[in-house]
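Could you build all of it, start to finish, from the sequences and the hints given here?
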Amino acid sequence: MTSKHSRTVASASAALVVALTAALTGSTAVAQAATGDPVTHEENDYVPEGGAWTEHYFPSSDGSSVELHADVLLPANLPEGRKVPVIMSAGPYFGHSGQEGPEGREHTGPSDRFTDLVEGGRLFDRGYAFVMVDVRGYGGSTGCPDFAGPGEQADIEAAIDWAASQPWSTGSVGMYGKSYDAITGLAANDLKQDALKAVVAQEPMWDLYRNIRSNGVPRSTMVNVPNTYNSIAALPQLPDDDAHYRENAGYEKTHPECAVQNLLGYQTADPDSQYWKDRDLAERAKGTDTPLLFTQGLLEWNTEPEAVQEYLDNHQGPERGWLGPWDHVRGNDRVEDGRLAMGREGWFEETMSFYDRYLKGIEPSVRYPAYSIQDSTGKWRAQDTWPGAARTSDVRLGGGSYVDDGGESGTRTGTSFFQWSQPAGKPVRVTATPRISFDAKGYGNVMTKLYDVAPDGTAVLFNEQVSTLKPGEVAFDLKSSDWTLAAGHSLAVEIGTIPPTAGDWLDTPSREKITVSDARLRLALDDPADDTPTAGERAPYLDTYLQGYTSKLTVGTPTFTLPGQ
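The opening position of the sequence shown corresponds to residue 1 in the UniProt record's numbering, with each subsequent residue numbered one higher.
None of these hints come from the bench; they were simulated from the model.
Do not take every clue at face value.
[Stated by the list, open to error] Label-pair restraints from in silico Cβ distances: (1) THR228 / PRO455: 38 to 48 Å; (2) ALA389 / ASP242: 53 to 63 Å; (3) ASP116 / ALA269: 31 to 41 Å; (4) TYR368 / GLY399: 41 to 51 Å; (5) GLU49 / GLN316: 33 to 43 Å.
[To be verified] Straight-line alpha carbon distances no greater than 25 Å define the calculated DMTMM-like cross-link-like pairs of lysine to aspartate or glutamate that follow: (6) LYS286 / ASP313; (7) LYS449 / ASP384; (8) LYS441 / ASP456; (9) LYS286 / GLU408; (10) LYS449 / GLU408; (11) LYS470 / GLU349; (12) LYS449 / ASP439; (13) LYS379 / GLU319; (14) LYS277 / ASP194; (15) LYS552 / ASP456; (16) LYS83 / GLU42; (17) LYS470 / ASP507.
We treat Cβ as the ideally placed atom computed from N, Cα and C, and that holds for glycine.
Quick look at the structure:
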């Protein structure tokens with residue numbers, strides 16, 4: 001029998017041996033992965049269970065000197081000679097030290113950004129490879145960042161071709177991502193590559209310009225976004241990464257022009273410039289046909305529902321979508337109390353059914369709706385298309401005037417005017433993408449807001465957009481919506497200056513009086529009575545939004561009637 005002291009010493013010694021063994025194993029495993037010798041979870045705990053990790057380098061497709069890095073996860077038990085289809089994600093978040101900053105990793109290994117997909121989708125059991133590619137400027141790749149630009153598009157093209165041509169690949173590639181790496185998925189579709197068989201994109205931007213400037217009005221994102229990604233590009237990687245990886249990761253240190261170029265690009269004001277044309281993913285989607293499964297939060301504060309309808313109209317391939325009143329979340333995300341953030345079960349099941357169909361040719365055993373949509377009441381419906389069978393009509397609003405002073409007075413008096421609809425005789429849904437047009441006198445900026453107003457004046461702001469204006473005709477899209485007005489509620493349209501509480505627009509008011517005439521609002525209206533219900537619960541963010549965007553208005557005299565009422 002040993003003493004308590006002896007047992008304590010023995011335990012400490014054993015722990016030290018385990019720690020040293022783990023450190024040595026991790027170091028050995030890094031060298032092993034970098035030379036193409038697979039590393040398993042047992043050898044490196046950052047490798048998902050059932051997977052085997054290797055690292056690879058290959059050139060971009062634009063003829064430049066840019067070298068790209070990829071982390072590859074294959075099923076650990078993959079028989080020699082067996083080929084598998086590839087699910088790929090490409091973006092800035094796969095650096096070994098962390099996604100957006102150092103994450104305190106004890107040793108290097110593949111990013112865990114989409115371990116939820118690997119595990120929730122059972123990729124290795126199903127016979128899929130998962131490939132994470134660092135686009136230029138990030139992780140183990142060289143080059144300057146080029147957010148959705150020609151350089152990054154060349155990286156995506158090279159990555160798809162590389163993955164399709166590997167000896168373990170069937171040649172079929174699907175893209176997967178959320179936010180930035182969902183944008184690279186949309187860009188991949190626009191490249192029209194034969195090897196790309198499917199794209200799954202959660203909460204992307206559909207046209208980068210509109211996230212940086214709203215119809216000419218700059219936003220804080222023109223500085224915040226490039227600074228954020230310049231910071232990610234400069235992230236220090238881990239000391240136990242192989243020398244090749246660390247040398248590539250240090251590219252920005254020896255090329256300080258990268259950060260400057262990235263920042264200056266975002267300052268480009270002209271939407272018709274080549275810079276923004278290259279990044280207009282919606283326009284570039286014309287004639288594309290890669291099967292697309294996407295999610296879009298219609299109350300998004302980050303990647304807002306702008307140009308989504310234009311992209312879908314231009315895209316000619318099979319489409320599936322989840323749309324609803326959530327913010328910047330994944331289909332499988334849950335809030336603190338365990339509820340699904342989007343409110344709908346089965347994200348990974350539907351995603352993998354989608355990949356099985358288009359990457360493996362397996363017909364789905366479950367018939368999923370083409371579109372699963374949750375509106376502002378929290379109810380889900382199924383549709384074959386989106387916007388669906390809505391009636392599109394132009395509503396004549398008349399006119400008014402306001403002073404473009406940026407809300408200096410602190411009140412609405414004189415800085416905006418309202419037009420009101422007759423109360424709805426039955427529930428009516430405002431869907432698709434509203435568009436405002438009018439004749440203007442004066443120079444300045446304008447903001448248009450849509451409110452759902454109850455008979456007692458309780459009002460919910462559910463859509464807004466801004467624009468620069470000059471004398472003549474002004475027309476612009478608002479954000480895409482799916483908002484139901486209850487019977488007895490009115491639609492209120494506010495037109496006026498951009499107040500300081502409006503959001504992240506960098507407004508420079510003209511202080512001129514702006515006169516608006518012949519205002520028209522194009523609306524797509526739908527009858528909720530025709531809905532086909534489908535499974536799903538209320539998105540938790542909807543109640544958060546209602547708390548933040550509900551106010552009291554004095555109901556004015558109606559000047560128009562909603563079509564069909």
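Going through the hints against the structure:
The beta-carbon spacing between THR228 and PRO455, approximately 45 Å, falls within the hinted interval of 38 to 48 Å. For ALA389 paired with ASP242, a C-beta distance near 57 Å keeps the hint of 53 to 63 Å intact. Evaluation of the 31 to 41 Å hint for ASP116 and ALA269 yields a pass: the beta carbon distance comes to about 39 Å. For TYR368 and GLY399, the hinted distance range of 41 to 51 Å is satisfied, since their beta carbons lie about 47 Å from each other.
In this structure the hint that GLU49 and GLN316 lie 33 to 43 Å apart at CB holds, the actual value being about 40 Å. Our distance criterion of 25 Å between C-alpha atoms is met by LYS286 and ASP313, whose separation comes to about 8 Å. A distance of roughly 30 Å separates the Cα atoms of LYS449 and ASP384; the hinted pair therefore is violated under the 25 Å criterion. Restraint check: the Cα-Cα separation between LYS441 and ASP456 comes to about 34 Å, which exceeds 25 Å; the hinted pair is violated.
At roughly 44 Å between alpha-carbon atoms, LYS286 and GLU408 are farther apart than 25 Å, so this suggested pair is violated. With a CA separation close to 19 Å, the supplied pair LYS449 and GLU408 stays within the 25 Å bound. Proposed proximity of LYS470 and GLU349 is contradicted: the alpha carbons are some 51 Å apart, above 25 Å. Proximity of LYS449 to ASP439 is assessed by CA-CA distance (about 17 Å); at most 25 Å being required, the pair is judged to hold.
Restraint check: the Cα-Cα separation between LYS379 and GLU319 comes to about 21 Å, which is no more than 25 Å; the hinted pair holds. Proximity of LYS277 to ASP194 is assessed by CA-CA distance (about 24 Å); at most 25 Å being required, the pair is judged to hold. In summary, the hint linking LYS552 to ASP456 is supported, as the alpha carbons are separated by about 8 Å, within the 25 Å threshold. For the given pair, LYS83 sits about 24 Å from GLU42 by alpha-carbon distance, which is consistent with the 25 Å threshold.
Restraint check for LYS470 and ASP507: the C-alpha separation of about 15 Å stays at or below 25 Å, so the hint holds.
Hints 7, 8, 9 and 11 from the earlier list are contradicted by this structure; the remaining hints agree with it.
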